[in-house]
Every structure is written in C-alpha cells, then in structure tokens.
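Chains as they are written, first to last, in our numbering: chain A, 1 to 399; chain B, 1 to 193.
The set of hints was computed from the structure by calculation and includes no laboratory data.
In this text the structure is predicted, and so the values were computed from the model without any measurement.
Heads up, a few of these hints could be off.
Said to hold, decoys possible - With a straight-line cut-off of 30 angstroms between C-alpha atoms, the simulated DSSO-like cross-links for lysine-lysine are:
1) A:K298 - B:K47
2) A:K324 - B:K47
3) A:K220 - A:K269
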Amino acid sequence: MFLKNITINNYKSIQKATVGFEPGLNIVIGKNGAGKSNLLEFIREFVSFHVIAGRVPKNFNLDYLFLIEYNQDTSNETALFNVKMEKHLLNGEIIYPVEITLTKTVSGEEHYNGKLLTNQEMSINQLSSGEQSEFIKEANVLKRFNLSFVSFNIPENSFWLDQPTRFEIESDLFAGTEDNHNGLGIFNFLNNSVIFYFLVEGPTSFKDVDLNNIRERYVKIFGDFERENQLNNYLSKHSPIQEIRLNPNINVYKTDNKILVENLLIDFKVNDSWVPWSYLSDGSKRLFYLITQCLSLKDGLLLIEEPELGIHPHQLFSLMQFLKEQSEEKQIIISTHSPIVLDVLRQNELNRITIAKLEKGYSQFNKLTEEQVSIAKDYMNNVAELSYYWLHSDLEDND
Amino acid sequence: MINIGLIGESPYDTKAIKHLLQKRYDVGYRYTTLLKNVTGDHLNTLKAIRAIASEVKQKNPDVVVVMRDADAYESDINRIKEKQDWYIHLSGQISNKSLFLLNIFELEALLFADIDTLNAHYGTSFSNRNVMYIDRPKEELKRKTKGSRKYAESHCPVLFKLMRIEIVSKNCTYFRDFLGEFTKLIGENKKTA
C-alpha cells in the first residue's frame, strides 16, 4: 500500500493543492519557505487516523491505493476530511471503491462514516449486516498503513539512548510498565518481548524467576533482533557506528510483587571503542536515527526532512544508496536541498520529483513538465548529473 | 606492486569485482576505485568521462578495469554497441592500459556462475544454467530470497568475497574472456616492471 495522492485545503501555507506520489522513493525540492515542511507535517498528522477496531483479513493479497482529501471547516472548529479508498487488483482494475469520511474535532473526538460505492452510491446504513462487516474489514486496511517521521532534529532525552529506561514486571508475569515515552521506536519491542518470553517458555511462577535469567533474556532478545534486522551490518556500512549492544550493566531487582529492570541503555562502538550516546557526534547520531527509523518500518510510509543535515557528502551518498534500497519495501518521501539526494534518481524516475513553490503567497506542488523532463534527460545523458540542471538551470523556475 | 584502477556503476560493484579478482591477484596488487560515489547513469556524462581521465592521470594505475552492466542480452546488438562505444570514447581519453568488463545482463549474473556458493548463502535452490541468458538476475535474486536474507545490491561485496573465481570463470563465458585478457595485461606489466 502506498500514498498515491493527497489534496489539501487550508493547511498553513497550503491553500489548495494536490500532490501525487509514487511507490518507493519520492523527493520534494523547493526554496526555503515554499511549503515542503508543511506538506510533510500534514501527511504525518493526517495519514495516521483511526478506524473502528476489528480484525484484519488474513488472506490479504491485493494492492490498495488510497487518496486523501482534506477540507478544514474553520467555521465551527472541526477538521473534516474525506478519505476515498480504491481497491485495485494488481493489474490496476478497480474492484469497488469505498469512501470513508472522518470527522475529527479540535478536542480529538473522531466520528466515522462511510460509503460502499458499487453501481450506485449507498450509505453504510443501507448495507446489509454482512456487507457492513465486509466494509469494516476493508476500512481496517487503513489502520495497517504504518508511518514514521524523521524530522530535522536528533531526538533528545531519548530513552535507550541518552536516558536509561526501566521496566517493571508484574508479579503475574503477564504485564509490565515501562518508562519509554520518547524512546526510539525500534527498541520498544524489547520489554514486550521479555513478557512474551514469560508467556511462552519462561518460569510461570513469580517465585521461580531467576534474575540472571532476565538479564540473559534481554541480551539474547537484543542479539536476535539485531541479527534479524541486520542493524550492525547497515550501521557499519552507512555510519561511523561499527556496532551497537545492550549495555551489560542491567540492574534487576525483585521485590515482593514486582521485578524491576533498570539501566537499559544502548552502547555504541566507534573507532573500536564502546561509548555512550553522548559521545557520538551529531552527524553520527543523525545517521543512527535515520537508519534505525527506516529499518523499524517494515512497510508503509517513511517521511524524512533533509537527510543531508550534518552529514558528510560521502556518507550522504552512502545513506542515499541505503534509502534507495529500502524504498523497494516501503514508500519514502524526502524533502531536501541537497544535490546528492536528488542525484539518486535515474532518468526513468523523474516523475518522483515534486517541486514546491510559492504562488501568490500560497504553496503549490508540481511535477516536472514534459519539457523539463526532456531537458533533464539531455543533461543526464550529455552533460552531468541531474543536480547540475537543478543548480545551473531552471528545474525549479519557469522564468 | 601492480596498481589496478577500478571503475564501476556503484561502489558496491567496484568492491565486488575487487574481492573476486583478489582471489587470484592479491599479494603484490593494489586496487583503487577511480571516481568514487558514482552511479551508472552518471558514467554516461561528459563530466564523468573527464573526471575519470583526470583520476587516471593523477593516480596512474598500471591497468584500468572498466566495468559496466549491459542491461541487455548479448543478442541485443544496439544496447551492447552503446556501451562499447562509450568505452571506446573513454579509453580514447586515457593513455593507460585499460580493459572493459561488460556484464551480460548485469553484474549479478556472475553470482549465478557459482551457484553452490549463492545457494549456501541464501538458503535457495537455484539450478545451474547459462548465466548470460538469465533475464534480470538482480530481480530474480530479489524475488527468490526472502525476509532478513532478501537480496540487495549492498550484499554484492560480501558475496563476491565468497565466490570462487575458478568456478565463476568456468561457468561464465564473458568473465572467462575478460580474465584471460586481464591476466595477459598483468603479465605484460610484470615484464615491464
């Protein structure tokens, strides 16, 4: 599934604009203040929405595309937006369209309405209970669309990185609480995996829990996870970080009714020495953040603001090779000012460029015209890289 | 010390071929990538050709190995000629000895030339076949490998370190021909050293 099209009305500098995207890698360029950040912010905020909880169909093997139309009704302080979802077979044939309307108030209350559109428009209330249930199943597809956002900033006061996290396991061994808000998503699984261990194969009685065993369990789960995601492989290839590990000084305490696990932190190997997060350069931190956020998203949409910030050109080139590779599994939308980022696109990928411009004070988003595509290809064939056209000619301007 | 300059369509490609050649030509040979951080499309440009010429002049390798992907079968004469013409134009800009390795269809074809190593690494069961007739070997690798072991271009350097050069040469005609020419050029260099 990927985000195909988005229409925005009245969001910050975006009065009325429609932007199209491709599966895989997409790049948004434009001068400062043109609206690139507003576009990514909007996508982040409104693509993740809630629908009725329910079970996702198991044999789910179709491509879904969906379009979002957003309309802000400022007269009564509600944000009303329509989502139209079209279900497609892999060869592009539409089976049937579904339209979902979500009303979201300023206070966060959400109301959901929908239509199943077949030969004639019908509201959901007119559907039979079987059809309604089918409709709800389809609507839950939207809930499966994962989204991750990498902003300009390196996360601060992050658990696992510059703040140790702690975990309390209840005496029934079925639940725990963690201090993990503002922790990098990729490590959130660790604590839950320990609970899962107790559920599946660990001691079933609180009194039988061996504290050393818990330490070993954390180390094992971390090692398995690292191997499964090839974290160290990607980090060592695309950043100065050679390896990561769980800090071995995990403190485990047992009281009458709880097990406390403290001092959960990630260590980093740089220049053959193990160091804490605080010892990493800002550039290394940013690379770590970018790479792990990308790897933590198995599918869905990754938004990245200016990956080039604080990154050496050689490392940026390497990072872009990584992101290009990752874009085969997930949709990635990048805003950038960097020629190196733009140059990752090939001649047959120029439709992946979106140019943000201010027109009469409002943001507009355009694709390359046919003429611009022709000029770009000429540059790429006969002169230099695509960014040469961007820097020295009128890729962004029509002057 | 014999200096080998390498030009390829990506840093992964040049590292990969270096690892394979080092299986036979290691001690006494130094490999240098000319024109780092470049991709296939960039190599076509005048800027890249001039940059390569400058790199060769500065680093003065004894032999330059220029590697491209044909992105076509041997029978696609036009596409093959396009790449060959590009190489002829490039070699006219450099006075050092050079050799062209044109991968049919693309570099990943060589992985299929040592099928046991490939299958052992990915847990796949590819069968032996003429590697020059595999349609888009990179896509086939991606289709047939899964999960955390799904093939990606960044795997090439590690894979080529595992490949056996004798087996690859035996099972791939274009690589065998290239290796023969390469051996001759290296031999000539040794004589003049």
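Evaluated hints:
With a C-alpha separation of about 38 angstroms, the suggested pairing of K298 of chain A with K47 of chain B is violated against the 30 angstroms cut-off. Distance check on the hinted pair: K324 of chain A and K47 of chain B sit about 24 angstroms apart at the alpha-carbon level, within 30 angstroms; holds. Taken as a hint, the K220 of chain A and K269 of chain A pair is honoured in the structure, with Cα atoms around 19 angstroms apart against an allowance of 30 angstroms.
The structure shown violates just one earlier hint, number 1.
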